[in-house]
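Engineer: These are the residues of each chain, in order.
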Amino acid sequence: MDIYINGKQQAINSKHSVEQIILDFNIEPSTVVVELNKQILTPEEYNNHYLTDGDRLELIRFVGGG
Amino acid sequence: MLNIAGTEFSSRLFLGTGKFSSSEMMKNAIEASNTKMVTVALRRVDLTNPEDDTMTALDRDKYTFLPNTSGARNAEEAIRLANLARAASGTKWLKLEVTPDPRTLLPDPIETLIATEHLVKDGFIVLPYMNADPILSLRLQDVGAAAVMPLGAPIGTNQGVLTKFQIEIIIDQANVPVVVDAGIGAPSHAAMAMEMGADAVLVNTAISIAADPVAMAKAFAQGVEAGRTAFESGMGRRSKMAQASSPLDGNISEDLGFLL
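Chains as they are written, first to last, in our numbering: chain F, 1 to 66; chain E, 67 to 326.
Okay, chain E solo, but in the shape it has when bound (with noise of 0.2 Å):
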């Protein structure tokens, strides 16, 4: 069972709430999913519709509450966020995003670093967002985040996992939790992450922009599945040349000569 934080997760997917048609469909999709992490952000309320609060009908006790940084450009923006999640909910748990440049949405790795330091001292639950650096993941590590989360790819391109060799590289040397989020944009990128290893897979836009949200989110609770029992089944290795499935043995004009 995937533990982070000393919290056990029956699920290894974990889903995101942003870019839903509506509440609605957002709690069914969740609720598709089997997920038992869910990610929330802050932002200012609209003024002029201030009745419209989606978030108050999240079941807490269903899942872990995530909130997260996103608007972060520095870590100084992440940690007033960070104390206004924990002000508004109660929880420790935080995904730490620090994003100065909108276009491209990477994560500042100095500012990530400094901030999940801070933060970590001040008794949050630090999951840090970050590029696919296994330096970096390491350091992460070194200042106490309770998991990492490097990008498949850029976030919202549903490009899948392009940063796999790093990916390889982090799994190898974590002594936490690695949950690769952003980028995955089908079930069989979540799978292939979960066959490479990784412990768990944040995903949002693949799942909220589907034309079937709900029917989507099964078809990724289904890959996470399918790629973590791969994992634990001990893959066959590849090899460049063939290998026979049907037996060899003998000679073969022999074996077949009841067809001459």
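Chain F on its own, in the form it takes in the complex (with noise of 0.2 Å):
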């Protein structure tokens, strides 16, 4: 199925919750604020929120600014 991982779309299979994708690309799930369909997530529901087809992810955090 597709989703969408901060705004590119991603080919994933099924039954892969938030925290799977988090550590699949290597991010430290503590550095990281995520938002699916525009919802913000709190860590506690990484793992237990499946993705489904035309999901939207944002993976956001802190950087350098003014």
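It is worth saying that the hints were derived from the structure and are not from the lab.
Cβ atoms here follow ideal geometry from the backbone N, Cα and C, with glycine treated the same way.
Hints may be right or wrong, so weigh each one.
What the hints assert, rightly or not - To give a feel for the contact side, a few chain E residues facing chain F, derived at Cβ under 7 Å:
| no. | residue |
| --- | --- |
| 1 | G82 |
| 2 | L108 |
| 3 | S136 |
| 4 | L150 |
| 5 | L171 |
| 6 | S311 |
Stated by the list, open to error - DSS-like cross-link-like pairs, simulated, lysine-lysine; straight-line CA separation at most 30 Å:
| no. | chain 1 | residue 1 | chain 2 | residue 2 |
| --- | --- | --- | --- | --- |
| 7 | E | K93 | E | K284 |
| 8 | E | K128 | E | K187 |
| 9 | E | K102 | E | K187 |
| 10 | E | K102 | E | K284 |
| 11 | F | K38 | E | K158 |
| 12 | E | K102 | E | K230 |
| 13 | E | K187 | F | K38 |
| 14 | F | K8 | E | K230 |
| 15 | E | K102 | E | K85 |
| 16 | E | K128 | E | K85 |
| 17 | E | K85 | F | K38 |
| 18 | E | K284 | E | K128 |
Stated by the list, open to error - Which chain E residues stay away from chain F? Per the calculated CB distances, all over 12 Å, these:
| no. | residue |
| --- | --- |
| 19 | T83 |
| 20 | R109 |
| 21 | V111 |
| 22 | D112 |
| 23 | M121 |
| 24 | N140 |
| 25 | A151 |
| 26 | R152 |
| 27 | T170 |
| 28 | R205 |
| 29 | T229 |
| 30 | K230 |
| 31 | A252 |
| 32 | V269 |
| 33 | V280 |
| 34 | F324 |
If you follow the hints, you should be able to join the two separate chains into one complex; please do so.
Structural biologist: Structure follows, in structure tokens:
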């Protein structure tokens, strides 16, 4: 199935949790904030939210800025 | 001591963390500046380089972490970023930045006012970035902005406090702290803003792109301190005609008669 991660379409296998996606990308979960279909997920929700076709996932972190 | 929303700040120099050549340089410059308020931005993780995370290195115990909503083009986007910032860091502090035009990066006054009112009601400590509009400043303060942040010149231009006339009015009329933010390019600009009575200044580009950012951060700290001390010391008034420094009493030719 296809989902969007940070605006880019990605094909993934079904039954992927948000937590799995984060770890697959080698991202330390505590360094990001996650938005799924414009809803912010709490860290506790990462491993019980499974992705479905067309989902839009945003992985956001703090960077330098003025 | 500077007080914003009940928090005291021992330094009136606030620092932006953008455009440093490395996170090491950023950390050293922050240290050299003695700042107690540091801004950060929110962006998508670079999925091709996911280990790159400079911000978790910042010691949240040493400074107040001030996320900004840079990139937001309207109130809705700013509010979305604000919620992400709060979820990511737990902080209620927010630099509200709504800049629809990437060429000028000037803040949208109407969207900024709308977002400020909404975010204040939602429990954020909002420091809105604004053009140096004295009426807007009053409106922002009326809806609960914890401070106002008028620009000296557009972001990154290093032009100095071009908006001096308007900022003087803002300072005169404000009942919240006034932080001059954007455009400050040299310690002398920062000193001037402080001499005018600004409560603090926010500097980013002038330090991060200096040849020696750590030394420049220290220079800015000195400039801010000099300007503030001058403001508190009751500067003498300016005059158009000369006012002699050496005594003029008596008849000059008599006083200087020993030279003849």
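Engineer: Next step is simple, just say for each hint if it's right about the structure.
Structural biologist: Evaluation of the provided hints:
1. G82: OK, holds: G82(E) within 7 Å of chain F, min 3 Å.
2. L108: L108(E) check passes; min Cβ-Cβ to chain F is 5 Å, inside 7 Å.
3. S136: holds, 5 Å
4. L150: Result: holds, 5 Å to nearest chain F Cβ.
5. L171: Not OK, violated: L171(E) not within 7 Å of chain F, min 10 Å.
6. S311: It is violated, given that the least Cβ distance between S311(E) and chain F is near 43 Å, above 7 Å.
7. K93(E) with K284(E): Given pair K93(E), K284(E) holds - Cα atoms ~13 Å apart, limit 30 Å.
8. K128(E) with K187(E): holds, 28 Å
9. K102(E) with K187(E): holds, 26 Å
10. K102(E) with K284(E): Status holds; Cα separation ~14 Å.
11. K38(F) with K158(E): holds, 20 Å
12. K102(E) with K230(E): Holds - the C-alpha atoms of K230(E) and K102(E) are around 25 Å apart, at most 30 Å.
13. K187(E) with K38(F): holds, 21 Å
14. K8(F) with K230(E): violated, 45 Å
15. K102(E) with K85(E): Given pair K102(E), K85(E) holds - Cα atoms ~19 Å apart, limit 30 Å.
16. K128(E) with K85(E): holds, 21 Å
17. K85(E) with K38(F): Distance of about 29 Å is within 30 Å: holds.
18. K284(E) with K128(E): holds, 17 Å
19. T83: violated, 4 Å
20. R109: Given a closest Cβ separation of 5 Å, the condition is violated.
21. V111: Nearest chain F Cβ is 4 Å from V111(E), so the label is violated.
22. D112: It is violated; D112(E) is separated from chain F by about 9 Å at its closest Cβ, not greater than 12 Å.
23. M121: For M121(E), whose nearest Cβ neighbour in chain F is about 4 Å away, the distance does not exceed 12 Å, so it is violated.
24. N140: holds, 15 Å
25. A151: violated, 8 Å
26. R152: Given that some Cβ of chain F is not farther than 12 Å from that of R152(E), nearest at about 9 Å, it is violated.
27. T170: Non-interface label stands for T170(E): nearest chain F Cβ at 15 Å, farther than 12 Å.
28. R205: holds, 24 Å
29. T229: Label holds. Min Cβ-Cβ 17 Å, cutoff 12 Å.
30. K230: At about 21 Å from chain F, K230(E) clears the 12 Å cut-off, so the statement holds.
31. A252: Given that every Cβ of chain F is farther than 12 Å from that of A252(E), nearest at about 16 Å, it holds.
32. V269: violated, 9 Å
33. V280: holds, 16 Å
34. F324: F324(E) clear of chain F: closest Cβ-Cβ about 62 Å, beyond 12 Å.
In this structure, the earlier hints numbered 5, 6, 14, 19, 20, 21, 22, 23, 25, 26 and 32 are contradicted, and the remaining ones agree with it.
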